[in-house]
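Trainee: What follows is each chain in one-letter form.
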Amino acid sequence: MGVLVAELLAGLANAAALFLVASGLSLIFGVTRIVNFAHGSFYMLGAFIGYSAMQVLPGAIGFWAATLVAAVAVGLIGVIVEFLVLRQVYKAPELFQLVATFGVILVIQDLALLVWGPEDLLGPRAPGLKGVVHILGEPVPSYDLALIGITPFVLLVLWYLISRTRVGILVRAATQDREMVGALGVNQAWLFTGVFFLGSLLAGLGGALQLPKGGADLLMDFNILASVFVVVVIGGMGSIPGAFIAAVLISVLNVFGVKFIPQSTLVLMFIVMAVVLLIRPYGLLGREEAPGEHGQVGDPEQPISPLQSTGKLVVAGILVVLALFPIFDSPFLLVLMTDVIIVSLFAVSLHFMLSLGGLVSFGHAAFFGGGAYAAALLVHYVDTPMSLALLMAPLLAGFLALIIGWFCIRLTGVYFAMLTLAFAQLVWSVVFQWGEVTGGDDGIVNIWPAAWASSTTVYYYLTLVIGVGGIILMRHVAHSPFGYSVRASRDSILRAEATGINTKRIQWVTIAFAGAMAGLAGGLFVFSKGSVFPTELEIAKSFDALIMVFLGGVKTLSGPIVGASSLTIVQDFLSRFEYWRLALGLLIILIVILAPEGLVGSARKLGNRIGLGRSEGPGT
Amino acid sequence: MLTVEDINSYYGKAHILHDLSLSVAKGDVLALLGRNGAGKTTTLKSIMQLLPPETGKVQLKEQDITGTPTHRVSKLGLGYVPEERRIFTDLTIEENLEVGRQPERSGVPYWTREILFDLFPNLAERRSNLGKALSGGEQQMLTIARTLMGNPEVLLLDEPSEGIAPVIVEQMVLTIQRIKDEGVTILLSEQNLHFAKLVANRAIIIEGGLKRFDGTMEELNADPDIREAYLSV
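Protein chains in written order, with our numbering: chain U, 1 to 620; chain A, 621 to 853.
Just chain A, with the same shape it has in the complex (with noise of 0.2 Å):
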């Protein structure tokens, strides 16, 4: 479904990640683990191309979209949540979502605005509020929500549990397993092995913008050593 073939992405002329590979299978939800500043979130805007890679390929469906325009490549289906949750803060909820809406695609899981506020209840409620009146649990709720506006192939969910109180956490873990079962394919980054667990069934583990593991779920569990070298804290 996505595939990321040796990319290199700088920040300027500091080198941020180097002859990155990963591949996401469809139904796939594969989280992107490492500690802090270990460049999973250059990762996801390199294939977003928010910061198109030097070298190396990101290929959609087959498709090479290396350094096409962020615009059309959520057009062709790639969805992205950033960690920052950038909603719109002087806009309505319904507004935000608005900005995220696309027309329906053939094959591809379809969004409405009902379904959506069937999924995010609290969302539901304060519907006609403005962004910057929610919680930081209900910001994040309507930063996913109004990607899936766009009905993505593949979504990119950067850091969905940071920043977020612990009973949202487990609501967050409940919402994604229901992103999944509608067909959409997921590559997640996460500091919290814990959460990854719970909702992912692949693992690459990326420290110093070099992969460092990529396997199951199952063998991540099995591998103590790896866990301790690069995700504890």
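Pulled out of the complex, with its shape left as it was, chain U reads as follows (with noise of 0.2 Å):
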């Protein structure tokens, strides 16, 4: 009994982080719409800042102080965000805000390790709090039963704020209709920044109060964003009562877990979530978001056609290009091309289901890594022949698309988006907890091509057909009978279903082929790699997906393959420098900001307005 009594502690003290991070995100969300990834940095900069607080201040006042004055300050830099980044993309469409959020993460990342270095820190005790309390004849540490205490407090100010004051009410008036408000002499510009500020002051607060359980380190930003996330599709966004509830529900569980299957902690959460989301799609305490509350922001989609003789032309001139590269005779050269074909591949399959099918996934590296994993599993374990594990792997990365799909389609935007994120943090923890099969964090090694493809010629040839043919393919699919009803159910799933189409299926269909592509150009990165590890799973893989897509344009065929390619050779200049997050952070918000069509999109605007490019008409 004390044991249990103890854990169940245990877990409300851990829940006290979560939910101030949760809380603050729902807020943000509910207000300005914008899912703010972050977060997590504001949370990150909250440790680390109120560490340094605490080496100045003293005692236990000291100790205090320096929490709060943390969190102030997180709430000064998410002003500052707020004002430098997002209130020049408020009207821009959803994807676009989260790349310039994500633009923030890789910049936060690098100044908090230009300012306070790449090691970790361990976080002071908290004065006077040092010692444990025997409960039950069980030692709970006595910081644990402040946090317990904390958070329902927190909870109660914020409820008081949100429920009692004018800007509470402003704040609740705002989440459901930000435009009247603004008819009615109130100045959304000040309420968004307001919310930002406070929302940030949260995760600012959430990092400082955990330093003594947990210290600071420069991972801590992703770390916790899939709970973070779980945590706010669990209780329903835009709801601070449901965060607290999931916050707990998720801590409580996690303890436990621990306790009793320890092999198994990271996945829990993820089917308690899959379990809520079957019953209630909106969360604990959410609202079903209205149909068109946000959906189209700007033009309407522009229709999409096949390349013209130009067109071919051109691209049939690019491939013998490609062809002819092995005359260079620089195996590095090679090796990176065929980085560019495999992660084009990737981001062209992510493309057919975001642009094309208007299924927004933060997830998508879970087909790419499982694509990987299947292959690398299959050799290792049963020596799988390189040619059958190639055709294996999009097989099942489909397959599991297929299984992901049935859960995500039953949501819709920011929701969705939400699941195939944790969907995908869900296969990375299987994989990287399974230690037994996977390897773990030691990954999966020896994956070699066969002994015909062995030398970095014929495997960079053998990805230039199998890659460009998996492009070519998914164009094709797209001006197919079945890609203009992917169009038609992204464009109007109403109008869609009226003329006889089967939204949802024709949208689980495209997850599964978007999942089956990209899972082919994870077998081709493995043989290319000779090994895997769950970094080809993890949140950033799927987000250098999007930023790919989006650098190239979303709204175009070749963005995605434009995108890929100048990423991919751009990280590889910027990586030789210290600080080549920092650059790679400015330059997205920079696009985000000043050229949001991306590349290929603002070419063709260029070409248009000097009257050149009419050639190939939209959409090329």
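Treat the hints with care, since some could be wrong.
Below, computed lysine to any residue pairings styled on SDA-like, alpha-carbon distance capped at 25 Å [stated by the list, open to error]: (1) U:K541 x U:G440; (2) A:K752 x U:I162; (3) A:K681 x A:K752; (4) U:K529 x U:I304; (5) A:K752 x U:Q188; (6) A:K633 x U:S602; (7) A:K633 x U:L395; (8) U:K529 x U:K259; (9) A:K695 x U:Q188; (10) A:K752 x U:T165; (11) U:K91 x U:T165; (12) A:K752 x U:L606; (13) A:K695 x A:T661; (14) U:K91 x A:Y631; (15) A:K681 x A:H691; (16) U:K213 x U:K312; (17) U:K259 x U:R280; (18) U:K91 x A:K681; (19) A:K681 x A:N656; (20) A:K695 x U:K259; (21) A:K695 x U:R166; (22) U:K541 x U:L395; (23) A:K633 x U:I304; (24) A:K633 x U:Y90; (25) A:K695 x U:E179; (26) U:K555 x U:R505; (27) A:K633 x U:L606; (28) U:K555 x U:E94; (29) U:K213 x U:T265; (30) U:K91 x A:P672; (31) U:K91 x A:G647; (32) A:K800 x A:Y631; (33) A:K752 x U:E179; (34) A:K633 x U:K541; (35) U:K312 x U:V468; (36) A:K633 x A:P689; (37) U:K529 x U:N446.
If you are wondering where the hints come from, they were derived from the structure by calculation, not from laboratory data.
Combine the two chains into a complex, taking the hints into account.
Mentor: Here's what the structure looks like:
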């Protein structure tokens, strides 16, 4: 009995940070409709700033003062981010805002590295709360009890603020109808800034408060992100009590998981989430998204058209150049180009579901890594020949996509995106924790191509043929009757259904097809590197693909290829510098603000302006 | 008080208002009449700068407000009551009124919660109820009361009689007369000529985004051809 109570208390203490970060995210989303990916970064900054402040401020008063200083400082950093970045993109489509906040993550990561260095920092213990208290004979850290007291207190303060003050009333009104609030004389810009301040402050407070438990390190931002999304999705987007219930649920479950089934702790919360969403698709206390509430922003979609003869000539020319690359006799160049082709195939597969299908996925790495692991496991355990493994990679990744898609198509918009991310994390945690089979963190090594394809040049040609083949196949499908149904389901579910299209099934097949193609890229990847690690399944990998699609231009077919090629080459170039994330992050933010149509879109616009490029027609 | 000069407004590429001009004098109730799709709502949104006109000018008390952000337009004394009501359904009646509240302005009718509860006794009874629990008529009353909390000098009312029961329509007539008597200038859009006659002293008729008639209510009453051409269904 005592053990169970002690575990329960530990779980409640762990819920503190999770609740603080999740409530901030939920609050910001409710009013601004922006899913702030950088929220994990604010949490990390709270820990780092709190650490530094605690070095300066002595004693118990100093500790708590430092915590508040960190919270307010992070709140102000949030205001700066809102003012410089997000204010420029409030009217842009959702994806653009996400990419912008991703740029902010990269910038903050490198700034933290610059200021606090790469070492993990051990958090100071809270003065006066260093010991343990015995409850039913079990030791419980005093600081845990303090956290358990603080969380409901913060919830109470937030509840008062939201339900009893004028600002809270305005926040709730704006959550429902921003434009009307403006028409009644409220300056939304300041309301948004205020909400951003409060939301960031909560994340910073969470980071500072967990210092005595976990310290500060540079991986905190991504580490908490998936749990926070799970909490927000389970609780219901925009609901603070929901975030509280879900944070407690997940944290308590986690401690008991560690106790009883230590191998499946990470998987557990995703299973809970899947169950909750099956019963209540919009979370425990969430509100169903009214259709069209935050749908299409900006111009309507342009139709896409097959390549005309000039376009075909250009593509043929590029292919000839690609085929001639081996004459340079530079293994480095061939390896880089192999990467470029694989990554292009991956990006095009995401583009297929995201742009043509309107299914914004944050978890596309699940299929890329899934295909890579499928091939690697087949080779490792049953000595499957390379050609068969390359065939099985897309099939198994497609099968995985069928399973994940079955859950995800029940939701739309932001909920859909969050769910894909959570499922990708589920796949990642299975691979990461199931060490006996997958090798866990050590990955699977020694997966080399068959003897006939072992030279860099031959493997390059193999990648070229399969990769380009996959991309051409997707283009053909985009222009097939199935492709029309995919786009119809994106543009208007109602009208598509009325013409007899089963939109849910079309979306399901779209996810499976895009997943299979990502799996094919994963299969090619594994043989080109000779190994695979869980990093191929990480959030960062999914975001890479999103950024490539975005960089090239969401609304163009050639965009993802251009985006993938340029990002791979730019990354290869930038990664020689120590602070390449900072540069890349700033680059991404600048592109979001200055050239939101992406490279291809902007180039086409420029071409149209000076009277060129009409021959290829729209959407090439 | 409020003048609109040659405005042209667009939804995307669709040209909705063509060189539309109108003016409302202090104390007037001007009815903006026309069929569905004539451009009545667009006119009010253009004045409110929710849909800023591409060309032309909107002036409030001699001040050019074209292109001014909507929230500032509201603070300058323009109150807007949208056709779809758009009350905050998850907020109580009192909270809905709070969102609209603005400080007192000198020389402008000043409304408080208690004055408005006096004017709309139905709302007073249900002041702690959520917006979504109200009937259509009550929602319509609430949306007017909410805008009055901002102490407007000019009130833009978009089809106040639409979709409410006949007995409530009568109440609405009395309400608008009372608001007018307090000294608020009113521009209301209407399809219901009978309703407009009861409250307005001047009228404008638009059709296809073009102005077809501009005059007093008496002049409109004396001109059955105009009514036949642009208002009858």
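Trainee: Next, verify each hint and record whether it holds.
Mentor: Now the hints, each set against the structure:
Straight-line distance between C-alpha atoms of U:K541 and U:G440 comes to about 17 Å, which keeps the hinted pair within the 25 Å bound. Between A:K752 and U:I162, the direct Cα distance comes to roughly 19 Å. Compliance with the 25 Å bound is thereby established for this hinted pair. Distance restraint check for A:K681 and A:K752: the Cα-Cα separation of roughly 37 Å exceeds the 25 Å cut-off, and the hinted pair is therefore not satisfied. Note on U:K529 and U:I304: the hinted pairing is violated, with a Cα-Cα distance of about 35 Å set against a maximum of 25 Å.
About 24 Å separates the Cα atoms of A:K752 and U:Q188, which keeps this hinted pair within 25 Å; it holds. Annotation: proposed proximity of A:K633 to U:S602 holds, straight-line Cα distance about 21 Å (limit 25 Å). Distance check on the hinted pair: A:K633 and U:L395 sit about 46 Å apart at the alpha-carbon level, beyond 25 Å; violated. A distance of roughly 38 Å separates the Cα atoms of U:K529 and U:K259; the hinted pair therefore is violated under the 25 Å criterion.
With a C-alpha separation of about 13 Å, the suggested pair A:K695 and U:Q188 falls inside the 25 Å cut-off, and the hint holds. Distance check on the hinted pair: A:K752 and U:T165 sit about 21 Å apart at the alpha-carbon level, within 25 Å; holds. Restraint check: the Cα-Cα separation between U:K91 and U:T165 comes to about 28 Å, which exceeds 25 Å; the hinted pair is violated. Restraint check for A:K752 and U:L606: the C-alpha separation of about 49 Å exceeds 25 Å, so the hint is violated.
Under the criterion of a C-alpha separation no larger than 25 Å, the hint pairing A:K695 with A:T661 is consistent with the structure, at around 21 Å. Annotation: proposed proximity of U:K91 to A:Y631 holds, straight-line Cα distance about 16 Å (limit 25 Å). With a C-alpha separation of about 17 Å, the suggested pairing of A:K681 with A:H691 holds against the 25 Å cut-off. A distance of roughly 60 Å separates the Cα atoms of U:K213 and U:K312; the hinted pair therefore is violated under the 25 Å criterion.
For a cut-off of 25 Å, the pair hint linking U:K259 to U:R280 is broken: about 29 Å separates their Cα positions. Simply put, U:K91 and A:K681 have alpha-carbon atoms about 31 Å apart, too far for the 25 Å limit, and the pair is violated. The hinted pair formed by A:K681 and A:N656 fails the criterion: a straight-line CA distance of about 30 Å is larger than 25 Å. Straight-line distance between C-alpha atoms of A:K695 and U:K259 comes to about 60 Å, which puts the hinted pair past the 25 Å bound.
Between A:K695 and U:R166 the CA atoms are separated by roughly 17 Å; this keeps the pair inside 25 Å, and the hint holds. With a C-alpha separation of about 21 Å, the suggested pair U:K541 and U:L395 falls inside the 25 Å cut-off, and the hint holds. Restraint check for A:K633 and U:I304: the C-alpha separation of about 21 Å stays at or below 25 Å, so the hint holds. A C-alpha spacing of about 22 Å is found between A:K633 and U:Y90, which places the hinted pair at or below 25 Å, so the restraint holds.
At roughly 15 Å between alpha-carbon atoms, A:K695 and U:E179 fall within 25 Å of each other, so this suggested pair holds. This hinted pair checks out: U:K555 and U:R505 have alpha carbons roughly 23 Å apart, not beyond 25 Å. Proximity of A:K633 to U:L606 is assessed by CA-CA distance (about 21 Å); at most 25 Å being required, the pair is judged to hold. Between U:K555 and U:E94 the CA atoms are separated by roughly 14 Å; this keeps the pair inside 25 Å, and the hint holds.
For the hint linking U:K213 to U:T265, the alpha-carbon distance of about 19 Å falls within 25 Å, and the restraint holds. Between U:K91 and A:P672 the CA atoms are separated by roughly 16 Å; this keeps the pair inside 25 Å, and the hint holds. At most 25 Å may separate the alpha-carbon atoms for a hinted pair to count; U:K91 and A:G647 exceed this at roughly 38 Å. Restraint check: the Cα-Cα separation between A:K800 and A:Y631 comes to about 32 Å, which exceeds 25 Å; the hinted pair is violated.
Note on A:K752 and U:E179: the hinted pairing holds, with a Cα-Cα distance of about 19 Å set against a maximum of 25 Å. Taking the CA atoms of A:K633 and U:K541, the gap is near 40 Å; set against the 25 Å cutoff, the hint is violated. Taken as a hint, the U:K312 and U:V468 pair is honoured in the structure, with Cα atoms around 14 Å apart against an allowance of 25 Å. Note on A:K633 and A:P689: the hinted pairing holds, with a Cα-Cα distance of about 22 Å set against a maximum of 25 Å.
Of the pairs offered as hints, the one joining U:K529 and U:N446 holds, with about 9 Å between alpha carbons and a cut-off of 25 Å not exceeded.
Checked against the numbered hints given earlier, this structure breaks hints 3, 4, 7, 8, 11, 12, 16, 17, 18, 19, 20, 31, 32 and 34; the rest are met.
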